[in-house]
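Trainee: So the chains spell out like this:
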Amino acid sequence: QKEVEQDPGPLSVPEGAIVSLNCTYSNSAFQYFMWYRQYSRKGPELLMYTYSSGNKEDGRFTAQVDKSSKYISLFIRDSQPSDSATYLCAMRGAGSYQLTFGKGTKLSVIP
Amino acid sequence: DAGITQSPRYKITETGRQVTLMCHQTWSHSYMFWYRQDLGHGLRLIYYSAAADITDKGEVPDGYVVSRSKTENFPLTLESATRSQTSVYFCASSDRLAGGDLRNIQYFGAGTRLSVL
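Each protein sequence line maps, in turn, to chains A and B. Residue numbering for the first sequence follows this note's numbering, beginning at 1 and increasing consecutively. Residue numbering for the second sequence follows this note's numbering, beginning at 1001 and increasing consecutively.
You may find that some hints are simply not true.
[Stated by the list, open to error] Now the in silico label distances, taken between C-beta atoms and shown as ranges: (1) A:ASN22 x B:VAL1065: 46 to 56 angstroms; (2) B:ARG1017 x A:ASN55: 46 to 56 angstroms; (3) B:THR1086 x A:SER40: 43 to 53 angstroms; (4) A:SER68 x B:MET1022: 24 to 34 angstroms.
[Unchecked claim] Covered stretches of chain B, going by a simulated chain A footprint (3 or more residues, C-beta under 8 angstroms): (5) 1014-1023; (6) 1066-1080; (7) 1108-1117.
[As the list claims (entries may be wrong)] Quick list of in silico lysine-lysine cross-link-like pairs, BS3-like style, CA-CA up to 25 angstroms: (8) B:LYS1057 x A:LYS2; (9) B:LYS1070 x A:LYS67; (10) A:LYS56 x A:LYS106; (11) A:LYS2 x A:LYS106; (12) A:LYS42 x A:LYS70.
Source of the hints: derived by calculation from the structure; they are not laboratory data. Values in this document were obtained by computation on a predicted structure and should not be read as measured data. Built from N, CA and C at the ideal position, the CB exists for glycine as well.
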């Protein structure tokens, strides 16, 4: 079993929908949880991060971490065509600079 | 230009040839990373470097060599390219001295698409 599991999709939703993206992980040492967004033929860019358990909101985006279940989520409200991209979850332990990535979920928001 | 740049953006080579992918960053970040991205595997760490002259293996280092004589450059060399090394390669950097939120950010280059025929 890989340390981080992420459904690759693809996921197709209509504009304005609420999108839920998820990852599960097995390494209990992970403390920092990140979501990267990657547009086609571009490098990933950090969207949000959370430390330990809890929620974090930034505009239309909400990141949730449930360490007891080893489960993280990214919610996108009022999705826009410009949100069409691949979303990668990533995690690291405290004191480490190495990230472990999920495989990414490809999202298409249809106008 | 400020940021992290990779060259070339596209490269076609033949099996057995040596290929070097270049990565240059202008932020003086301590940490630099090389990843490969393949369908079905996602991003996998090849090598990373904590500072000049300090490098270490990641998840998939076989067939690759790195060096870091200067903080700003982190070249990746495929000593004898194989078809299985056809992939998109990303370089990233991270600031060891950054505080707060910035500690979690790895900044990625635009990638190099490598085809080994």
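Trainee: All the hints need checking, so say for each whether the structure fits it.
Mentor: Hints versus structure:
no. : hint                                    : verdict
1   : A:ASN22 x B:VAL1065: 46 to 56 angstroms : violated, 37 angstroms
2   : B:ARG1017 x A:ASN55: 46 to 56 angstroms : holds, 50 angstroms
3   : B:THR1086 x A:SER40: 43 to 53 angstroms : violated, 18 angstroms
4   : A:SER68 x B:MET1022: 24 to 34 angstroms : violated, 44 angstroms
5   : 1014-1023                               : violated (count 0)
6   : 1066-1080                               : violated (count 0)
7   : 1108-1117                               : holds (count 4)
8   : B:LYS1057 x A:LYS2                      : holds, 19 angstroms
9   : B:LYS1070 x A:LYS67                     : violated, 39 angstroms
10  : A:LYS56 x A:LYS106                      : holds, 22 angstroms
11  : A:LYS2 x A:LYS106                       : holds, 19 angstroms
12  : A:LYS42 x A:LYS70                       : violated, 29 angstroms
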